[in-house]
Amino acid sequence: MTGGDGKTGTGRRAVGRLWAMASLLLALGLGSFVLGRYDVPLVQVVRILWNGTAGRIAPGLALEQTWTDSMAVAVLNVRLPRILLASLVGCCLAAAGTGFQSVFQNPMAAPDILGASAGACFGAALSILLGLGRAWTVAGAFLFSLVTVALVYLVGSRTRGSRAVNLILAGVMVSSLFSAGTSYIKLVADPANQLPAITYWLMGSLSGARMSDVRFAAIPAVLGLAPMLLLRWRINMLSLEEDEARTMGVNVGRLRFAVVLCATFLTAGSVAVSGMIGWVGLVVPHLCRKLVGSDSRYLLPGSMLFGAAFLLLVDNASRNLLATEIPIGILTAFVGAPFFLLLMTGKEASL
Amino acid sequence: MTLSVESLGLAYGDRTVLRDVSFTLERGTFLSVLGPNGAGKTTLFRCILGILPGYTGRVLADGTDIRDLSRRQMARRIAYIPQIHRPTFGYTVLDTVLMGAAHQIGTFSRPGREQIACARAAMDRLGIGGMAERNFARLSGGEQQLVLVARAIAQQADILVMDEPTSALDYGNQLRVLEQVRALADEGYAVLLSTHDPQHALRFADRLLAICDGGTAALGRPEDVLTAELIRRLYAVEVDFAETAAGRVMVPRLPGNG
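In the order they appear, the protein sequences are chains A and B. Our numbering puts the first sequence at residues 1 to 351. Our numbering puts the second sequence at residues 352 to 609.
Chain A with its partners taken away, still in its complex shape:
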């Protein structure tokens, strides 16, 4: 995962843990196909997936059908997009959280710190109010998310004083503006069908995930993750003071902007397809710091793997725990809030 570059003792240990996380994610992903109301044995899952991928590319490799057609529908059309989407959203939110925590040098920074979520909620609510249809809900959420962060960046960088503090304050301000907008839309929305749709979207859910959602979320995911992974060592330099980094030949302002841009893309893309799923971006980077340390070389890939596994696990609970599905945003908060408390009362030195 780190190629042939030199490694330190802690580095070797971290790489070992990354491989363990990757294996865990793979096992969890495969196991998730078995869960659900419609019973599909693991052997059939593997065979269906094989035919759905390799079998489709090279028909000569296709296996003989030993499963019912409805098993194939459950695996390929219902569970596959959902599992992919849960992993992708978890991965993106955790990576965005890691990025924002590095930029602000603050362990409490989360993906929605610059208003990406508040903007997305407003965009989605507006699209639902205007009755534009599902595709526009996703697109509207994505666009407004970007607009909000751009606005925050513009306001934050035009004020005097500490850049980081100003950005956070601008984020709080602009977020509350868009939240007020969302509330107003809920007020005027048709209570028979629009209001429930908005409310349900705001709670955050992966139910009814389709391959088109996966494809939509994959674009900002790649655009955000690729540069961040390439910059992953340099992101460590954000821990230096601006002048200090400058004398070491590093342009921190540009680096910070690049990471904010990537993290915003990741957040906007995720929130657009899944609604508000809080806490993942805050909790996962912290757990990862304990596992692989604060070096972004390992922390970033670690958060991505861990985030994917975490959200997949929570989503499995969300669709299987009760007869009716629990919106995943509620479940992540159930896990996240106690953790936050632990973080605040625990020893600071353990970061």
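There may be inaccurate statements among the hints.
Beta-carbon label-pair distances, calculated as ranges [as the list claims (entries may be wrong)]:
(1) B:G405 x A:S157: 14 to 22 Å
(2) A:V172 x B:R378: 45 to 53 Å
(3) B:G478 x A:R13: 24 to 32 Å
(4) B:R489 x A:R210: 47 to 55 Å
A few chain B residues facing chain A, derived, Cβ under 10 Å [to be verified]:
(5) P387
(6) A430
(7) Y442
(8) I456
Rough simulated footprint, nothing fancy, chain A against chain B, three-plus residues with beta-carbon under 8 Å [what the hints assert, rightly or not]:
(9) 395-405
(10) 446-455
(11) 563-570
Read the hints as simulated data drawn from the structure, not as lab findings. Glycine is no exception: its CB is placed at the ideal position from the N, C-alpha and C atoms.
Given the coordinates of chain A, work out where chain B should sit on it, guided by the hints.
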């Protein structure tokens, strides 16, 4: 010649912060900068490091005006050792030292064997090789300061600029850090270091630059220029000097025993 400052001046509006400061710093020389709070020491350093633009005069590193150097080119020539500050997230000592190599590698790449070997050599040089895997945030202040010196060594620049590196350290750590810095100057580094303790300049430095109200108050060998009169001018206190077997010492004259 390594570092040359030519009639450096800086003013914010009507207020002159620095005026006509000139000196040269050769390889293998330890130049100590003294001056009261607000005299312009930090401003001078920020100009030399290329952080503050808008000054008059010139700063030359190996004969090249630093205005003509890119960030990376600057980092190759001048390394800055700041006062320690507690990081939010704990990095290991080795990772901290490795950051010094940032200017040697591409934006999208990571330090390789060569940089790691260089970082380890820098740590061994300062006697902190055994701390490589320890958490920087949990070291003592003196150890942290030495790690930052190692980081500057890993940066592979010939000029080391240190802004009051000893002010947050206890007496023992101050001396241990300064001894290391003295040894680095003897090895050929050009060291520019500001301090609040004239005794440090007397004990460790080859040359002394005293700054008062933004101008040069004295420049020369510490034993020549560090006089009771200079101390009175800089700090408005009376001192006496005594010659001991270990060198000259400075003793403050307190109002009670004057």
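Going down the list of hints, with the structure as the test:
| no. | hint | result |
| --- | --- | --- |
| 1 | B:G405 x A:S157: 14 to 22 Å | holds, 21 Å |
| 2 | A:V172 x B:R378: 45 to 53 Å | holds, 52 Å |
| 3 | B:G478 x A:R13: 24 to 32 Å | holds, 25 Å |
| 4 | B:R489 x A:R210: 47 to 55 Å | holds, 49 Å |
| 5 | P387 | violated, 23 Å |
| 6 | A430 | holds, 7 Å |
| 7 | Y442 | holds, 6 Å |
| 8 | I456 | holds, 8 Å |
| 9 | 395-405 | holds (count 4) |
| 10 | 446-455 | holds (count 5) |
| 11 | 563-570 | violated (count 0) |
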